[in-house]
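Enquirer: From first to last, the protein sequence lines are chains A and B.
Positions 8 to 315 (this note's numbering) are the ones given, in order, by the first sequence.
Positions 37 to 396 (this note's numbering) are the ones given, in order, by the second sequence.
All clues given are correct.
Restricting the straight-line Cα-Cα distance to at most 25 Å, the calculated cross-link-like pairs of lysine-lysine (PhoX-like) are: (1) Lys357(B) x Lys280(B); (2) Lys223(A) x Lys192(B); (3) Lys169(B) x Lys146(B); (4) Lys169(B) x Lys223(A); (5) Lys146(B) x Lys192(B); (6) Lys216(B) x Lys206(B); (7) Lys264(A) x Lys277(A); (8) Lys223(A) x Lys146(B); (9) Lys216(B) x Lys192(B).
Note that these hints are calculated values from the structure, not bench results.
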Amino acid sequence: MAGGAPSASGVATETYAEARGWLLLPAWAVLAIFVLAPVLMMLVYSFLTKEFRGGVIWEFSLGAYDQFFCNRGLFGDEPCAVEWTYIAIFWRSIWQAGLATLLALLIGFPTAYFIATRPQRTRAVWVFLITIPYWVNLLIRTVSMRFLVREEGPLNNALMGTGLIDAPLQIINTNFAVQLGLFYSYLPFMVLPIYASVERYNFALSEAAADLYATKWVTLRRIILPAVRPGVIAGCILVFVPSLGAFLAPDLLGGAKNFMIGSLIEEQFKGNAGNWPFGAAASMILLTLVLILLMIFARQQRRAEGAP
Amino acid sequence: MGNPVAVDVRGAVKRFGEFTALEAISLSILDNEFFTLLGPSGCGKTTLLRMIAGFEAVTQGEIYLYEEEIETLPPHQRPVNTVFQNYALFPHMTVLENVAFGLEMRGNSKADAARRAGEMLELVQLPQFATRKPAQLSGGQQQRVALARALAPSPKVLLLDEPLSALDLKLRKAMQMELKSIQRETGITFIFVTHDQEEALTMSDRVAVMSAGRLQQLGDAREIYEAPKNMFVADFIGETNLLKARVTALEGASASCALENGLTVVCDDAAGAASGQDVHVSIRPERLTMRGDGGPEGWPATVAQNVFVGTDVQTQLTLAKGLTVTTRTQNSGAGRATIFDAGTEVFVDVEPGAARLLVS
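Construct all of the structure, not just a fragment, from the sequences and the given hints.
Expert: Written out as structure tokens, the structure reads:
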């Protein structure tokens, strides 16, 4: 029967495909409203003219990007020379976020490994304990950290009490304090994905490696790490990206010298002194930078996996 | 035999908290031997193997490898290699990298390790799969890779932890033959763990039967099958008729026993039993034969049913007072002559020397 009616199963498939399209609508709506729209708004604002009391004038302008990249002298009438101020802030932010990520990895990996190797029943308890501090608001935790590491704070008192140091350490208002704050803010984001990976790891592989004369260190490097790499990568991204845009830790722990992108952007939108298009432009530049970093990373990842 | 001792286990005990997994096991495994640890799951055979490999600490006792005490060495310092039950191949490495791993760890150059790994793959007939990842291989092929990987560093002793249990029957039979021939070719001592008694009997030079953390019997296949030392071994190895009996008379080394229904049977080896003692008698089914005509010696019986099992026919017989025994008759021209229909009255003969007296 040429051109006959489609089979029953054909109808069912079509209906299902159609329904699936509709059923996905809420997900698309959420993405459109909460991801696409804000980014588009930011993109548009970054190309508008600034209003001095905050807000924008609806007039196209490249002023914000010009301010970011070009130094046009004191009166703004010279040809474009490279403006290093903001690039330096970006560079410092990447550096700080990178060190915080490294710190989180160094502490988070053994922690996750420890939890994943506990008996089944106690693992949930450990995960629960890890998350407890994070029920408290980030601002309060950061302020507490400030209290903890200040010159007369408990950390210095304890160190001096044990006789390890004679004079209080200057921790507050240093880069290290910022890294410490960032590390502490995002540690669970490192621990949890690594924990999930290690939990799935087949520990017989470690035994096989030891059986084949590999030391513990070689086993970690050549067998365990490659196996749990997806978790490590996810953890690093989850710590690095929010650290890059953070403003609480640098503001409260780093002092004025240790300014980061997050603080720069935050300032543009706070009170009446801000510059909305400039803040939007800085955000767009940050977003682009993160995307480029992640893309380079993903490509290397694919290449490493594709290699025989 | 005069072979030196490869692995000497001296009073090795393993406890997990309150639970004793192994109770003071002592056994010597000889150089160039195919030695099997056989027992049901939970009998401690794998624990013993893992103690030799170094994955489990020894609670008490010593383990010697060619006269060197090893029980305190970490696994990576013991010159033994293991074929794991689920192979434990490194998933992110190719087959060749897997096989070369142990060689590299022993300090061979990359090129040397790869060359030798290639040779090992030829030995297990998988050279064409060198660049594949383990996930791209079938179970049987993964098994061969695991074997090649463990053999590559030329271990003094190869430990095999139920390596064939995941394979289907045909493949398992083929691998049994292959393992045996590889063992002969390489001259490496194999310690093989299995719960499959048939596998143990066909492959091993000697078998250690274990149960409940204890060594039950150690001997070659024939000894273990034909002269089981206790009820566990008699029952676990092959099939048997295990009958309650009482010793009625001792004549030299042999003992006359009365079964529960009054029938008597003579056991060649009294096994130290005293007259009047309650014991068990084990008789293998293939050593009972049926006759249609009466005689002075045979046990009168009725055929309850015949079960066809391919190579032979199993016949269930009812003796006096409802006692039942099973016989096996080979499914051949000669055998068929002595198979009787259900309900037939027959006489059963016990082959001389077939009845084993078991004290425990």
